[in-house]
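Engineer: One-letter residues, chain by chain:
2 protein chains.
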Amino acid sequence: MSKYLSKRLANLEPYAPGEQPQEQPYIKLNTNENPYPPSPWVAEAISDETVNRLRLYSDPCAKSLIAAIATHYSLEPEQIMVGNGSDENLYFALRAFCDEAAPLAYADVTYGCYKVWANLMHIPSHIIPLEADYTLDPKKYYGLGETIVIANPNAPTGIALPAAEIEKICAANAGSVVIVDEAYVDFGAESCVPLIAKYKNLLVIQTYSKSRSLAGGRLGFAMGDAALIADLNRVKFSLNPYNVNSLTLLAGKAAMQDEDYFRRTCAAITDTRAKTVEALCALGFEVLPSKANFVFARTDKMPGGALYAKLKENGILVRHFDAPRTADWLRITIGTPAQMQTLNETLTKILATEE
Amino acid sequence: MSKYLSKRLANLEPYAPGEQPQEQPYIKLNTNENPYPPSPWVAEAISDETVNRLRLYSDPCAKSLIAAIATHYSLEPEQIMVGNGSDENLYFALRAFCDEAAPLAYADVTYGCYKVWANLMHIPSHIIPLEADYTLDPKKYYGLGETIVIANPNAPTGIALPAAEIEKICAANAGSVVIVDEAYVDFGAESCVPLIAKYKNLLVIQTYSKSRSLAGGRLGFAMGDAALIADLNRVKFSLNPYNVNSLTLLAGKAAMQDEDYFRRTCAAITDTRAKTVEALCALGFEVLPSKANFVFARTDKMPGGALYAKLKENGILVRHFDAPRTADWLRITIGTPAQMQTLNETLTKILATEE
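Protein chains in written order, with our numbering: chain A, 1 to 355; chain B, 1001 to 1355.
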């Protein structure tokens, strides 16, 4: 670091994203990308004409995209704001609803960025350990009087809470905001969007990166009471008014409108997930019950770090989190059936060599 | 605002971007967009195949784009980072080099976001008034011991300092970072990029929004000593690692490589600017000497706000900043020759009606 860096950032530990090899032909099961391309409507929306219109600024209010999202979720446009990835929506929410004197509560095993953002903004973290079986006990979140963020389904475990349990957390924290990060909700969990009408303190955040195959487009959205969304826009217009580029606005609108493609690709992934879990169990893996487009799995036969390295040697990238409660485990993205077949064969080979 | 908003943000005044009508057919001379489309190489780079690859995350290190920028500016890749618009690069820089105890110095009449960001991050602002003729006296920036940001050319005045004057400011502030915001530099001002090798405290920030016709793509870049860039990456990877989407990475690379198109379109705009200044002077306007793709002009015949409104009625959008030192003036983007001809005819008509 340079001698000019703010002393307040000296101990900041940035987030380490999953490996993103730009050239090597790995089977990439490490960052929960969708194995299927985005809806064909997306490529249709991005024409030479729309590219040439990049000379103009993007719509800072994202009106047309927000209208499409509002239609899909039966919300008002005032209940939605879009971000440069759901990471930005989450960052805006923490900026708006937390500060040095207003802590953030979250699980010990969850999305790593919550802690990084809290540290960057000098927000105190109230870390609530998951149970021994990696489930989240909702009662531990009742009456906290603090902003709460819950990934549902959780990452990297894949375990989901029923919406009724999140509802009880909202009801038990009427004085503070409950943020539900639904990045993976479309693969079988219950969304809290229908609760928005009832709870003014509920903010639901979703992303186009997983179920809509647009990780590279960088698009997320926050949904909640219009007053919460106005707060988020206050931060956005103080930070980066033109936060989403024009092509992504078009891509997002097209992808949201193609409901049939969305349903079919989500169904294909949940189907492949079921078969993957079956195959992993047959190989002796313990697999947590996943409602996401990944599974969290471990085996007694090899430590997580060693198995990660062996898979990488064999051309398959998965994610290993080297922390006390996750070091034994691997997070494996659900790819195509063919990719998962290769994974199965490769694991069989690696574990056979061990015996 | 909701009752949940952090008390520390209660007085925050967000930036008001220029009007971005999404439908009405205005001649749009209000947000300094380029009247020419991006290089044809950009549309070529964005194919159905690259759109379908949006299922994968964008490269968080932007390696390929940064290599193209490094080649153009004869820098090392370690001396460059890219942002979601230069607004994000500037925000990252203020986050890295300022804090509650480390103020930011800037002019009273300049890009409005500096103040908004300082307020958002609780950074004290040291505001240094421009001279009566809107020029910046470099000596007022010597030995400040504070992070400095200078827009060069300045906005909304269009007036540029010679690089030699910025160099003296860098030399006279070796203990603090000097940020030069060169959003408009390609229209005739001197860039400070050649000074980067000599001054470890110099950070130059440029954008694709103006001279490279990609305002809607949201792409900016910071250039400076590798240690400063490492600090910015520390902030970026703590905030939004995947900050630039994949299509914009491709667009930016193609636009940077098409040097000939870049030179031709910049030359066309400076040529139109000269003719526009001549025409405005013939109508009795005072016009500040501009090195940007806009001019700052006023007339005794009508107050700035009234003239802005009249032009809008006549289908032409320009920018009016309703603050004490700018209320008399209009900032007018340089469009195509035909658009500027219409502006000239419209102004002639409006001012004739007044007399």
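The set of hints was computed from the structure by calculation and includes no laboratory data. For every residue, glycine included, the Cβ atom is placed at its ideal position computed from N, Cα and C. Hints are not guaranteed to be accurate.
[As the list claims (entries may be wrong)] No more than 25 Å apart at the CA atoms, straight line, and that leaves these computed lysine to any residue pairs for SDA-like: (1) Lys1003/B to Glu100/A; (2) Lys3/A to Ala1172/B; (3) Lys1312/B to Cys1281/B; (4) Lys200/A to Ala1010/B; (5) Lys1200/B to Leu9/A; (6) Lys1007/B to Gly143/A; (7) Lys140/A to Pro124/A; (8) Lys1310/B to Arg1325/B.
[Said to hold, decoys possible] Anything over 12 Å on all C-beta distances counts as not near chain B; from chain A, calculated: (9) Asn32; (10) Tyr36; (11) Ala101; (12) Asp108; (13) Ile127; (14) Asp133; (15) Val235; (16) Asp260; (17) Val287; (18) Glu313.
Engineer: Of all the hints numbered above, which does this structure not satisfy? Sort the numbers upward.
Structural biologist: Per hint list: 9, 10, 11, 15 violated.
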